[in-house]
Structures are given as C-alpha cells and as structure tokens.
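Since the structure of chain A is already known, use the hints to place chain B on it.
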Amino acid sequence: MASSAIKSGALVSLQDLHSASPFFKQGASLRVTGKLQEYSVETAIAIVIDGSANLKIDTQHLRDLNFRVGSIYQFIGELFIQPDNEAILHARVGRNVDGIDLNLYHQTLRLLREFQSNHMNDQTT
Amino acid sequence: MDTLYNTHAKLLAFDFLSLTQSPSDPTSFLRKGIPLSRAETVGVVTSRDLKPDKFLKFVVDDGTGCIPCILWLNQLKSPYFSRRNPCDVRIIADLAANFASEIKLGVVARVRGRMTAYRGALQITVSDVVVERDPNSEILHWLDCVKLARKCYDVAAQ
Numbered sequence: 001m002a003s004s005a006i007k008s009g010a011l012v013s014l015q016d017l018h019s020a021s022p023f024f025k026q027g028a029s030l031r032v033t034g035k036l037q038e039y040s041v042e043t044a045i046a047i048v049i050d051g052s053a054n055l056k057i058d059t060q061h062l063r064d065l066n067f068r069v070g071s072i073y074q075f076i077g078e079l080f081i082q083p084d085n086e087a088i089l090h091a092r093v094g095r096n097v098d099g100i101d102l103n104l105y106h107q108t109l110r111l112l113r114e115f116q117s118n119h120m121n122d123q124t125t
Numbered sequence: 126m127d128t129l130y131n132t133h134a135k136l137l138a139f140d141f142l143s144l145t146q147s148p149s150d151p152t153s154f155l156r157k158g159i160p161l162s163r164a165e166t167v168g169v170v171t172s173r174d175l176k177p178d179k180f181l182k183f184v185v186d187d188g189t190g191c192i193p194c195i196l197w198l199n200q201l202k203s204p205y206f207s208r209r210n211p212c213d214v215r216i217i218a219d220l221a222a223n224f225a226s227e228i229k230l231g232v233v234a235r236v237r238g239r240m241t242a243y244r245g246a247l248q249i250t251v252s253d254v255v256v257e258r259d260p261n262s263e264i265l266h267w268l269d270c271v272k273l274a275r276k277c278y279d280v281a282a283q
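Line order of the protein sequences matches chains A and B. Residue 98 in the working numbering is what sits at position 98 of the first sequence, and the numbering runs on without skipping anything. Numbering-wise, the working numbering comes out as the position in the second sequence, counting from 1, plus 125.
If we strip away everything but chain A, and leave its shape as in the complex, we get (with noise of 0.2 Å):
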C-alpha cells in the first residue's frame, strides 16, 4: 500500500540526538520532547533541555500555543542543522504535555523500537 505524502515524526529523546546519532539528520522528521529552558517572542526561538541535552527549536509556524518556561513540550517537524554543525528543529505542531511521565516515555519509547524491529524482522524473514 502506498504511504501517505506527509512525513512521521520519528520518536527520540533529546539524549539520543547527537552527532553520531542515525537521527541527526539534515531534513530529518523528528518529534521531541522537553521542558522550556528559554523562549524569545522576537526570533521565535525555544530552547527546551532533557537532562544534559538541549535543543533550539524554531516555532515562527506555530500558533495557539502559550509558552511557559519551565513547562513541558513537544514538537513535530523537521531538523535543520547548521555549517557549525548545531541543529534547530523546525516545528510543524506543538503541544505542552505538562503532566506527562518522562521516565515511562522513555521506557516506551525503547520498547516500542525493540517490538518495530523485530516486526519488520519478522516480515522480511
């Protein structure tokens, strides 16, 4: 069957976007997760951190959307890295996920790519 023309926000932790990592991407969908460390009204700019990682995040698309430092967020849309090697995600969607349980989202998160594995093991096999 024919997939559709929009492009799925791949799951992952801010942890797991380095340099090294198969989602460090230029253009790549992503979908991230983290508290509001900075917002600025004028560039549209947010930076939201996970533990010792962080990520900018350009939100000019997004509308309906109050940001609170210090609230949790996640976005959808696309990475766009920079000549110095930074990334910025450019957001298609957003939502505060104020309330959510980061420990079992991340937990998930593994489970989920272990059982996609081994689906599509299972399919080729």
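Please note: incorrect hints may appear among the correct ones.
Computed footprint of chain B on chain A; a stretch qualifies when at least three of its residues, placed anywhere within it, have a C-beta under 8 Å from a C-beta of chain B [claimed, not checked]: (1) 8-22; (2) 103-115.
For lysine-lysine, the following PhoX-like pairs were computed, each having C-alpha atoms within a straight-line distance of at most 25 Å [claimed, not checked]: (3) A:K7 with B:K276; (4) B:K229 with B:K176; (5) A:K25 with A:K7; (6) B:K202 with B:K182; (7) B:K229 with A:K35; (8) A:K56 with A:K7; (9) B:K157 with B:K276; (10) B:K229 with B:K179; (11) B:K229 with B:K157; (12) A:K7 with B:K202; (13) B:K182 with A:K7; (14) A:K25 with A:K56.
Hint data in this document are derived by calculation from the structure and do not stem from the laboratory. Ideal Cβ placement from N, Cα and C applies to all residues, glycine included.
Frame of chain A; chain B shown alone:
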C-alpha cells in the same frame, strides 16, 4: 480466526500501513493472514484538509507512521442516506460536524473507524473521534498496541 474482524484493532501506524487488502473481500485487510476491518489509532493530527459539507481529510502521526483518515460530512446530501430516517441522518451529520470541529492541528486524537483503501493507500474511514487531554494517553495506547499485538493479534495468527 474471524473473531477480530469486527473489533477495532489497536494498531501502531507502521503495523496498520503494512496490512494488505484481501483479494477475495475488499472490506477486509490481512495482518499475518488474519482478516481485520476496523482500527483504532491515537496520535497527533499533523494535517487537516476540510471540504465543507463533503469531508475532512486529516493525518494522525503516532510516531511510527502517519495514518490518513477521512471523516465524511455529506450525510445530508448523500443518496446513501436518503432512505434513512431524516432525524437519524441529522444526528449522524451533527455528530460528524462536531468531530470535524474538534480535529485541529497539533491535538492528540483517538480515532476509530473502518479500514478502507483509496488509490492504493490504506486509510481509516472515521466513525468516532475523541480528543485526548491526558498527556500520557498516547504512551498508554502504544503500550496497549504492543501488548495486544504480542498476546492477541499474533497469537490469533499462529
């Protein structure tokens, strides 16, 4: 074998998109040989295309893939509904219009409906929409999908 046929199977998008249409019955879609006809998904609405009084097409991204969904809004004009009680048709039309107003970009929606194919692509023809407010609802849906696949859907296929 056919006990899952009328169940809304909770499937991750990558699993849903790998189903194949049954050659003998176009309303049925095969997962590891087991026929299914209905699905439930939970994910972020990442695309929305409204044709007023006709349909709303939208896409649900659950992090493993994107599922195209179509919600029909033509009940008051469609000949398909012309023989049914007008009051019932009005209720169905109002319900569909209410679902359409809830589907906005960025919300997390739980969508149920029939599996259908359009121009070779699998989609959900929507019968039910709930916008989820709990930020953990998607995680719990992923866990449900994995558990059901391992303990129920895969077992039925053996």
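Hints and how they fare:
1. Remark: the region 8-22 of chain A is confirmed as covered by chain B, as 4 of its residues place a Cβ nearer than 8 Å to a Cβ of that chain, reaching the required three.
2. Figure legend: the region 103-115 of chain A, annotated as covered by chain B; annotation consistent (6 residues with Cβ-Cβ distances under 8 Å, at least 3 required).
3. A threshold of 25 Å between alpha carbons decides the hint, and for K7 of chain A with K276 of chain B the separation of about 30 Å lies outside it, so the pair is violated.
4. Using a Cα cut-off of 25 Å, the hinted pair K229 of chain B and K176 of chain B holds, with the two alpha carbons roughly 14 Å apart.
5. At most 25 Å may separate the alpha-carbon atoms for a hinted pair to count; K25 of chain A and K7 of chain A meet this at roughly 14 Å.
6. A C-alpha spacing of about 18 Å is found between K202 of chain B and K182 of chain B, which places the hinted pair at or below 25 Å, so the restraint holds.
7. Under the criterion of a C-alpha separation no larger than 25 Å, the hint pairing K229 of chain B with K35 of chain A is consistent with the structure, at around 23 Å.
8. About 21 Å separates the Cα atoms of K56 of chain A and K7 of chain A, which keeps this hinted pair within 25 Å; it holds.
9. A C-alpha spacing of about 14 Å is found between K157 of chain B and K276 of chain B, which places the hinted pair at or below 25 Å, so the restraint holds.
10. A C-alpha spacing of about 17 Å is found between K229 of chain B and K179 of chain B, which places the hinted pair at or below 25 Å, so the restraint holds.
11. Proposed proximity of K229 of chain B and K157 of chain B is contradicted: the alpha carbons are some 34 Å apart, above 25 Å.
12. Distance hint between K7 of chain A and K202 of chain B is unfulfilled; the C-alpha atoms sit about 34 Å from each other, more than 25 Å.
13. This hinted pair checks out: K182 of chain B and K7 of chain A have alpha carbons roughly 16 Å apart, not beyond 25 Å.
14. Between K25 of chain A and K56 of chain A, the direct Cα distance comes to roughly 15 Å. Compliance with the 25 Å bound is thereby established for this hinted pair.
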